[in-house]
Each structure stands twice: as structure tokens, then as C-alpha cells.
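A.B. asks: In case you want the letters, here they are:
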Amino acid sequence: MRSITLSQAVNEAIAEEMRLDSSVFLIGEDVAEAGTPFKITTGLVEEFGTERVIDTPISEPGFMGLAVGAAMTGSRPIVDIMFGDFLFLIMDQLCNQAAKAHYMSGGKLNVPLVVRTNLGATRRSAAQHSQSLHALVSHIPGLKVAMPSSAYEAKGLLKTAIRDDNPVVIFEDKLMYQDKADVPEDEYLIPFGEAAVLQEGNQVTLIGTSSMRQVCEEAALILSDEKISVEIIDPRTLVPLDEKTILNSAKKTGRVIVVDEGHQNFGVTAEIASRISEKAFYYLDAPVIRMGAMDVPVPFSPVLEDLTVPTAEKVASNARKIVAGELVHEL
Amino acid sequence: MRSITLSQAVNEAIAEEMRLDSSVFLIGEDVAEAGTPFKITTGLVEEFGTERVIDTPISEPGFMGLAVGAAMTGSRPIVDIMFGDFLFLIMDQLCNQAAKAHYMSGGKLNVPLVVRTNLGATRRSAAQHSQSLHALVSHIPGLKVAMPSSAYEAKGLLKTAIRDDNPVVIFEDKLMYQDKADVPEDEYLIPFGEAAVLQEGNQVTLIGTSSMRQVCEEAALILSDEKISVEIIDPRTLVPLDEKTILNSAKKTGRVIVVDEGHQNFGVTAEIASRISEKAFYYLDAPVIRMGAMDVPVPFSPVLEDLTVPTAEKVASNARKIVAGELVHEL
Amino acid sequence: MAKKINTNSESYLKMYSQMVKIRSFEDQANQLYLDAKMPGLTHMYSGEEAVAVGICEALTVKDKITSTHRGHGHCVAKGAELKQMFCELLGKEEGYCRGKGGSMHIADQSNGNLGANAIVGGSMGIATGSALRAKLNGDSDVTVCFFGDGATAQGLLYEVMNMAALWNLPVIYACENNGYSEYTATDEIAAGDILDRARAFGIEAHKVDGQDVLAINKLATDLVARARKGEGPFFIELITYRYHGHHVGDINRTYYRSKEEEEDWKKNKDPIKILGDWLVSEKIASDDELQIIRDDIAAEAHVAVQYALEASYPNSNEVDMHVYMETN
Amino acid sequence: MAKKINTNSESYLKMYSQMVKIRSFEDQANQLYLDAKMPGLTHMYSGEEAVAVGICEALTVKDKITSTHRGHGHCVAKGAELKQMFCELLGKEEGYCRGKGGSMHIADQSNGNLGANAIVGGSMGIATGSALRAKLNGDSDVTVCFFGDGATAQGLLYEVMNMAALWNLPVIYACENNGYSEYTATDEIAAGDILDRARAFGIEAHKVDGQDVLAINKLATDLVARARKGEGPFFIELITYRYHGHHVGDINRTYYRSKEEEEDWKKNKDPIKILGDWLVSEKIASDDELQIIRDDIAAEAHVAVQYALEASYPNSNEVDMHVYMETN
Ligand SMILES: Cc1ncc(C[n+]2csc(CCOP(=O)(O)OP(=O)(O)O)c2C)c(N)n1
Ligand SMILES: Cc1ncc(C[n+]2csc(CCOP(=O)(O)OP(=O)(O)O)c2C)c(N)n1
Ligand SMILES: [Mg+2]
Ligand SMILES: [Mg+2]
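Protein chains in written order, with numbering that gives the first Met the number 0: chain A, 0 to 330; chain B, 0 to 330; chain C, 0 to 327; chain D, 0 to 327.
Any given hint might turn out to be false.
Claimed, not checked - Computed cross-link-like contacts, DSS-like style, restricted to lysine-lysine with a CA-CA straight-line distance of at most 25 angstroms: (1) D:Lys272 / D:Lys282; (2) C:Lys272 / C:Lys282; (3) A:Lys38 / D:Lys36; (4) B:Lys38 / A:Lys278; (5) B:Lys38 / C:Lys134; (6) D:Lys134 / B:Lys107; (7) D:Lys268 / D:Lys282; (8) A:Lys278 / A:Lys251.
Think of the hints as simulated: they come from the structure by calculation, not from any bench.
Predicted model, so just to flag it, every value in this text is computed and none were measured.
Bound conformation, chain A alone (with noise of 0.2 angstroms):
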């Protein structure tokens, strides 16, 4: 099979569905020409014209709400904002407005759009730059959050969720767009709520999300020398999130470790880890351990930056210990 990178599916993927359907179009700035400053639409202004890749004024609270007004009345808007970090700007437009109108409005009113952006540190780009906010937004009912980890998953997700009838969230990880993975030339959609089982084990779950998955498969190798067997999961959506696959991996190997980039504090390894805790409760051998990134905001000095996120070596020296019983915290 062929191999592309994250930034190629991605494009992939758009440029699919605009071809497939005319009421879908992109909004950001410069999205056009420039092709982002990640160089992610390139070529998709000359293929779908300036009316329907639009380069926007940096207003992101402004062309969010265009996008909401214009997914309510016919359009499939597709939103690209640049970092993750300025969803802070357009929450109420997202959380207020396009998440609550189909309940609000009883079931009359539907907003299909998609938010595109980013999450991931490790780039020196500081903490206005760099932030994983993920779980804020899976916290509004209404919203869908998906979590690609791959160019494979990116391109599958991102075009299940223009095709999606309500507003989704996808976040890329920033560090991943130049990444290369194999991607079926033939179409295909990934199913929101649909964990993915990417390795199989008995001795311990190893749940990472986005860039985390990652971490986890580089920690699952250096346990294989030491042959603890690994059972690896990628949740892909946060909301739906399919609870069934990962319950009842926790019920097989009755120790699991959640990894995840966001802040660990309120963040999304708490909901996992106690909706495993709590529906898998009496299968579990240890505690079901979290592994957020340091509840810090983003320090620019590589030094320090590197010390606030999960590693491999971490992950695998966690479950090295829960697999021995011995304790990750102390109690």
C-alpha cells in the first residue's frame, strides 16, 4: 500500500468530500494560496476556487460564527483553526452556539461542521502555542472530539466528520503532520465510537490517544524484550467513546494505563480511567494509572518542555511496575 504523510491525508481528505459535495467548503486564515502555515490545503484553492477555500481576517470568534450560521442554513463549513491553543478564542461560538442548537431548537435546527486543529508540545513553540485542549471540549454535550494518531486514522476520521450532522472537533497533532503512514488509495470512512486495538495482550492496556499512541507502541516494544505482553488501544474518538472496547480490555488484563497530552488535572485520563474503575471495578489486579502531561503551562526551554510530557521509558517503567505488583504511587 502506498504512504502518505498525516499534512497528505488531510488534504486528501477535504479535497474528497468537496468533490463529492458542493455545500462543503473550507474557512481559516490563510487557508488559500499560503496553505496554512502548516502547508496542509495546498492546492486545494486551485482545484475549488477562492469561494470555497476562504481565506478569512484573523477573527477567529468572527468566522466561527459565520461557519455556525452557514452550517445551519445548508453548508458543511470546515474550520481551520490554526493552533489548538485559540480554540480559547471561539468557545462560545462553538460551545454556546453550535453545540446547543439542534437541542435547543428541538431537534429542528442542526449545525454539521467541523472545527480542524491541533494539539501537541515539543515543538519550542511556548504555551500559547502548544496546548492539547481536548478534553475541554468533550466535556460540552453536543460536540463530537476526534483524535486522530495516524495519516491513516487522520484521513478516515476527518471525512466521517464532514459527513457528520453535528459540530465535531478533530485535533492533529502538530508534530505528527510530516509523518508518514500506510493509507488505502480506495475510500474509506472510520466509524466515530470505534476504539482501534492496534496490538493485542493479556498483562496490561496500554489506552493512548492521538500522540500518544505512539508513546505507547515505542513503550509496548521495550516491554516485548521483556516480554510482558501489551495490549494497545486507540480510543480515535473521545466523544462517542467506545467504552465496550476498552472495558473489556481492562477486564482481560486487569491493569491499564491511560496516556494522554492534555493536562492530567481535570483532564481526559480522569474520564477514562474512572469510567474503568468504576464499570470495571472488580477485575482490575492494580490501580488504573494516568499519565497526563505535567499540569504546567507549555515552557518554551526544550529542557524543560521535554519533562512535561509522558515518554515511552515512563509508560513502560509504569507498567513494569503494575505488572510486578508493585505500586506507581504512593498510597
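Put chains B, C and D with the ligands on the given structure of chain A with help from the hints.
C.D. replies: Quick look at chains B, C and D with the ligands alone, frame taken from chain A:
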């Protein structure tokens, strides 16, 4: 001891701190002559004048931004955000600016401000005036988050918040503004990071934040008739969180229910439950049960709205089950 | 009072009826509050009827509007039925939003009303986005964005006006200047001039007497036609007044505005009276005929309220319906 | 070129030196990037030096500024040391922010620089709030808010200008119009006229040649004095140009602007050259003397870079320091 309403308690806290420290001022919509729509700041403009009790245009991002700048240069603003739902409008100024300035400047700048806002449904105010969004700000390092559960806590926590050198978000329960509690005449402060143990018991711990403390207390009354011994904890601040008091109680009773009025999914109950499950794992006799608000936008219709919030009956019923060794969730 | 703009007396009488319908609706809604039969609070449109009616009568059913927390007037003017509106205000299943939205979120997409909004300024993006969709799809509809004078303090307005101006979108910003933002005179919280703010973005802006339904309708008809031809966007400031408090519970308001001021508007600038007097003077209708219109509509509103009071609440299983739409 | 505004040649030479200092700083920073010694990216101020220097030389150390993602110029102009600046750009412990902020968050509160900001428009509220504090406390300092032409699309600007105008705050909005927002000509994304947008709020607004440091300084000196007397706020649009790409990595830029345009600005509108020529023609300095200034500063910048390259990184235990400030 005299008994005053939560609304009076807040008013007193602001007035006392404004008398003590001339750098404290209040800013927001209709805070002066109108005394806010909830009539909380009534009288302050008469005492402190329009220079320190400042009516603003309907510009939440704007006046939040002003508060950040004023705080950075020596003032201690109290920002009135009329409904907790409007937090979505100030997220950039609060989370990208206020929360991070101290860290990003390596400790040289700091932003001593308080955002006073509210939470709570069942006021028939529908989806954009009923949210309980404290989980969102709790996820952002650099912010502190306080959740008063009565007039007593409202005064003591707000005074501490005003003196704190960091940005603090304090959530009052709208439905409690007219509720009275004993409040000392003499000055007192409630330190952050110290949970209150409101009732000791040894069979089950009920942890209730803000509005849900009362629900837990009512549940405990029901259960006391059934001779079930209940411990009740009010965390009082979510950031910092008094993990120690919570874990000690969990270890003692072995059974915990966490009750909070925010949405359950990716909310506060997840953080508290997963910390307990992780760090008191070997002491638990039953899974920690989470009871948040339903994961739906708050509906207007009274018959629907009342279904969305945890009730004393449901808390009692879950407590009864776990004490009896029954399952709350199908496994 | 503007000159007669067409010879169609039906259209004048329609505007009269529509304004009366709004007034009757609000009178009943206020009474529901006073009788403690209304869940929550609501914001009365009484006094401002000419704004919604003058503009909406210039629109077709395909044209869109976005509304505000003070949205009953827009909803009626855009063609809604009183029964379904009262049902919504009371949280009943037959309401426009199955009781889930209530007064502050009432929407009637069948008539092009994209909904009231409880976030001040919250619908400015939605309206502009609806106009963007019309332009992209080559649809001929125009969108009107209603908002208050207080809402001009929201930065969102300037962001979306910039884009509307850049892209010549068919949107009309209708600023209902009733002089107050809640309990504060807007003069105290708005610097400079509101029309200049639109003009700074290259947007043609007009001020009009918000109590003169015919003047409003004439201006709106003209601007709507031009917006359809791609000459938009436009901005209109309508000088008007709300008779009631900010919401039904705002009873003691002398600390922010005088009784005399209120009386003056009610006596001398009532939009229904102004149009009524003109209809009589132009011999389009007699006083008696107008009285009959008013009585009929009051009766209709009464019936609608009674219906709504007896209508049933949504079933409890609706609570988690409509969070997400099923995608086929 | 403005008339000589005072007879103090020291002040002219200071402005010259400060502009050269910024240019030297940026040349070194760019080189660090090219040599792959710089973590992340950075935005060069070269070409715009007259803006920061002309304005900051009108300020005292007590006056405040807020800066942008393109913030090195403001930082130097407000009095920062090159060593600590380079240390910050390289994430070193001796940096202004102990390496935690980097280029996009560099702050130097000892000289009144409240910090660069990586959110476009993010510091508009901060600047206005600083001015509010000054007014409330009766402090006499003035705050200057620097931001780009692209940032005028952020609604926040209109919200804070409204409040600044209502309350006569001592703040000056300095819009550095370099014609581009990232990779897009700002003409394409800004409707109407920028000065009119400020005037609509009743704010006195001026346009000035952003390459003419003396003209800028004269205007700024006047407005700062008036702002101190309570006559603010003011708005200045400064027409300028960035020589480099949007950031150091933006190398191929012919798709959004021509090489000729770049050459024209560099050759004919360079702020350092313009002031240098004038200093020579007014016999305030000779070509040789200016050459010495440039060489000395280049050498100083070189030393500062070398220092920073060798300086140590923060200790790993700093990672969770400064999240919260301890309250006594
Ligand atoms: C974002 C936001 N801020 C504040 C409020 C509270 N609020 C509701 S109506 C209102 C005043 C609105 O004034 P205006 O826009 O003039 O409309 P009017 O009520 O006069 O029709 C305010 C402040 C709100 N609903 N939303
Ligand atoms: C809120 C926000 N949106 C987008 C960006 C990405 N961005 C960084 S600089 C820039 C262009 C800014 O243009 P302008 O204000 O003219 O400043 P200049 O770079 O020309 O100095 C953009 C879009 C950002 N940092 N913050
Ligand atoms: Mg008004
Ligand atoms: Mg620019």
C-alpha cells in the same frame, strides 16, 4: 451567631476587602447602581464610588482583558461575569493570558484577580444561562478554582481569593443566593486546599461540590433513618484540591460517591473519582460512583430540566446499593 | 410619518395586525408571569413592534432572521403561530422547540427564524454566516440580524461586519436602539457614534425612527432589494423604546429611567397608535374596524394561552433526545 | 522627514543606536535560526525599527508597553539588555523569563514591557487595563499598545477602545501597518479604513510614516504628554514594512509579495539609513562616526549571542515553579 444570605455574604466579603486594600476594585455589567441582576453588589457603589465599582459595556472579553492588565500592574480586580455560561467568552483572556503570565515570565509578572461567577441549573433559564463550567477552568494550570457551598464558605473563600496573588475563579450557586447560613461577624478567611468534613461517618463517603453539598446532606438525612453512617465532604476548592482529606475518608469508609453539578462526561467527578481509585485502590470496597449532571444541554422545560441534576433521592439510593454490596452499574 | 409607499391597503392592515399580535402576545406573556404560571423570566418586546414588523414585512418566507433574548416580536413578525409560541414559553411539547428552548431560544426555522439567542450578540456570526451560505450557493435570500444597542459592545460585531463588507454579503444589521442595556443607559457605555462604527468598515448605514413602521418598511424594502442584488451589507439603527422593564421581573426602575420618560413614549410614540391614526386619517380603516382587529387578535391570543396552559409537557425520555442528530 | 524637534543631538544619536541595536539583534537571531541553534521559530522586526524606537523614546521607564509576536524591537527599544534577550530566545536560565517564555513571550517588567504575546491582539486588553490602573491609582504613566494591521480584525480591539474612550484612559494604540498578516496582504482582509474604526469610537487617530523615526517620535511625544493630562486615548497607524518573511522560516514568499517591493523598501525606505543620512546632512554625525556606532553595536550583539550560547539551561526542577505565586 447571626445568619445571612449567600448574597449578603458575598457583598460583605467584597466590601471588607475593598476597605482594607485600595487596589481592589469591582468591574462588570450593571454592578454599580443596579447591584447586578442578582442584587449582590447593592450598596457598594455608594460606599466606594464609580471609580472602584465600574459598570462596563457588554464586552466580557474586553473587560476581562482590562482586568488582566490592571492586575499585572498593581491592581486587584474582581471581575463579575453575570452568568457562568459567559465564561466561554473570556476563555482566551482567562486561560491564555491570566493563567499563564506568571509562568511565561519566569515569575516576574503576576495577575492577582478574581473572576466571580455562578453555576447551577433548575432556574428555568435554559441552555445558555444554566451551565456549571467549573471543570473547564480547573483543567488549566495557573488558575485556582473555588466552589462555595453556603454563605459561610462564600464569604471566607472570596476573601481568600481576593488576597491571593493568582487568578482565581469562584463559582457561586445561583439558586443559593437567598439561602441563609451562620456567618461570624468577625473577620475570617477560609484557606484554599482545605476540604470541609461536614459530617463524620464510616460506611460511605459523599463528596459534594457547591450546590451538591446540600444534596449530599439531604441524602445523608434519608440514610440516617436507615442507620447508614455517612461521611460528607465538601472540597471547597477544586484547585488546589485537598486530596489528603478525600483519600483519608475513602480509605476509612471504602465507599465513595462523588456528586457535582457539572456535566458528568470529562467533568469534575472524573477527576475526583479517578484520584481515589488510583490512590486508595486497595481500600475500596466498591467502585467509586460518579454522579454529575446529565450530558445534555440544559433544557428549558421544567419537567425535563429537573431530570438533569443529581437529587438527594438518587444519591441515597446509590449509597444504599453500594453499602449493601449491590452494583450500581451493570458490569 | 413616511408617505404612502404603495396603494395596497392590505399590506398596511397586515402591519397593523402584526404589531397588535405582538402586543397581545406580550400582554398575555406578562400576565402569565404575574400569575406565576411562567417558568423563569422573559423579556417583553412591547413598544418596539414597528421594528420587527417593518423589517419582516419586507422579507419573504425564504429570507432569514436571527433574533435576541427579546425575541417574541421577531418571531411573530416572521410568521410564527401564537399557540406554538406560548407552548414553547411554557415548556410544552407542542412548542416550537418541543419546550427545550423556551423564550430565549425560540426558533421557527420553517419561517426562516434561526432563533432567539441568550448570548448578547451571539447571533451576529450566525446571521452573517447564513448570508455567506446564500452567496456561496447562489441563493437569493437575505438575512437580517436583529440586536440591541447594548450588543454593539460585543467585538464579534466588528469581526463579522468586516467579513460581510469584504465579501459583499446579503446581510442587514438591524440595531434596535431602545436606549438601555439592562439597567444602564447605553449612552454611558457606548462611545462615539454607532452608525460611524459600521461606516468605518465601508458599510452603508441608516438611522430611522423605530416607531414609524411605514418608514422602516420602506427603508427595509429598498435595502433588501439591493442586498439581493449583491449590494449589501447594510446597517440600520432603529430608535425605539421598551415599555416594560428589562425583563418581566424588573418592576422598580426609577433608578435608571424616569416614569415621565416611559409615559412620554407610550403616549406620544406608540407604534400601533401612530399607524392606527394614519390608517384612519388616510381612510384606509375606521376606528371601529381597528378596534375589531385588536379585539379579534386579543381573543386569539387568549385562546392560544389557554391552549398552551392545558397542553402537555414533553415526555421525560425526551431529555436526552436531540443532543446529537443521527447521521444517515 | 520632520523638522529637527530639539537641539539635543544626543537624543537623535540614541534613536539611531537603538534602531541599529534592534537590527543587529535580529541579524544575529536570524543567523541562530539558519545555524539551527534556535529552538522553534521567531518573527523578525527588521525594517520596522523606527516604530518601536520613535515611540519608546517618547516614554519614560515608568510608562508601559505591550508587545506582539514580533516583539524583539519593542523589547530593545524599551531598554532591555541584549544578553538577557538572547538567553531568553535560547531558553536559558538567565533569560528575561528564565527561558520559560521564549521569543513570543519575552517580557521585561523592570523597563515597563508587559510582554510579547503569541495571541494576535491578545495584549489589547492588557494595555488598556494597565491604563485603567494608572487612572484609578492616579499614576501618571501612559501605556502604549503595539499591534499589527492584521490584529485589527480581532473584535477585542473595538471592545477595549470603547472603554478607553468612555473613561479617557491614558493608552495609545499603535498599529504597525506592515501591509501583511502572515501570508496575506491585509488589504484583502480589512474593509474600510483603519483610522475610521478608531474615530468611530471618538478616538483621535493619526497616520504617520513608520520609517521616519523623528516624525514618529514627535507625534508620540505630543500624544504621550496629552495622554498624561487625561486627554487620551489616541490611535496611531504607522506605515511600515517587514524585511524578512512572516517568521524566519518563511523563505519563499513571492506568491504573496514581490522581490521588487521588498527591494524598494530596503533601498529607499530603510529607517536606519533615512535617519543616518539626515544626521550626516545636519552634521550631527559623520558617516564614519555612524559606522563606528554600527560596528560597536554589532560587536556587542555578537558578544551577547556568544554569551547566551554558552549560558546554562534552567534546572529541571524549574519546570513546575511559577505556575502559582506564593501568597504571603
Ligand atoms: C454575553 C452576554 N452578556 C450579558 C448578558 C446579560 N444581558 C442580557 S440582555 C442584556 C442587555 C442587552 O441590551 P441590548 O443589546 O440593548 O438589548 P435590549 O435588552 O435593550 O433589547 C444583558 C447585559 C447576556 N445575556 N449575554
Ligand atoms: C489569535 C491568533 N490567530 C492567529 C495567529 C497566527 N498568527 C500569528 S502572527 C499572524 C499575523 C499577524 O499579522 P499582523 O497583526 O499584521 O502582525 P505582523 O505579523 O504583520 O507584525 C497570525 C495570523 C495567532 N498567533 N493568534
Ligand atoms: Mg437596548
Ligand atoms: Mg502586519
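A.B. asks: State for each hint whether it applies.
C.D. replies: We went through each hint and held it up to the structure:
The straight-line distance between the Cα atoms of D:Lys272 and D:Lys282 is roughly 15 angstroms, inside the 25 angstroms bound, and the hint therefore holds. Taking the CA atoms of C:Lys272 and C:Lys282, the gap is near 15 angstroms; set against the 25 angstroms cutoff, the hint holds. Between the alpha carbons of A:Lys38 and D:Lys36 the distance comes to roughly 24 angstroms, so the proposed pair stays at or under 25 angstroms and holds. Distance restraint check for B:Lys38 and A:Lys278: the Cα-Cα separation of roughly 45 angstroms exceeds the 25 angstroms cut-off, and the hinted pair is therefore not satisfied.
As the CA atoms of B:Lys38 and C:Lys134 are separated by approximately 46 angstroms, the hinted pair breaks the 25 angstroms bound. Annotation: proposed proximity of D:Lys134 to B:Lys107 holds, straight-line Cα distance about 23 angstroms (limit 25 angstroms). The suggested pairing of D:Lys268 with D:Lys282 holds, with an alpha-carbon distance near 21 angstroms, which does not exceed 25 angstroms. Only pairs whose Cα atoms come within 25 angstroms are accepted, and A:Lys278 paired with A:Lys251 is accepted, the gap being roughly 13 angstroms.
The structure fails to meet hints 4 and 5 from the earlier list, while all remaining hints are met.
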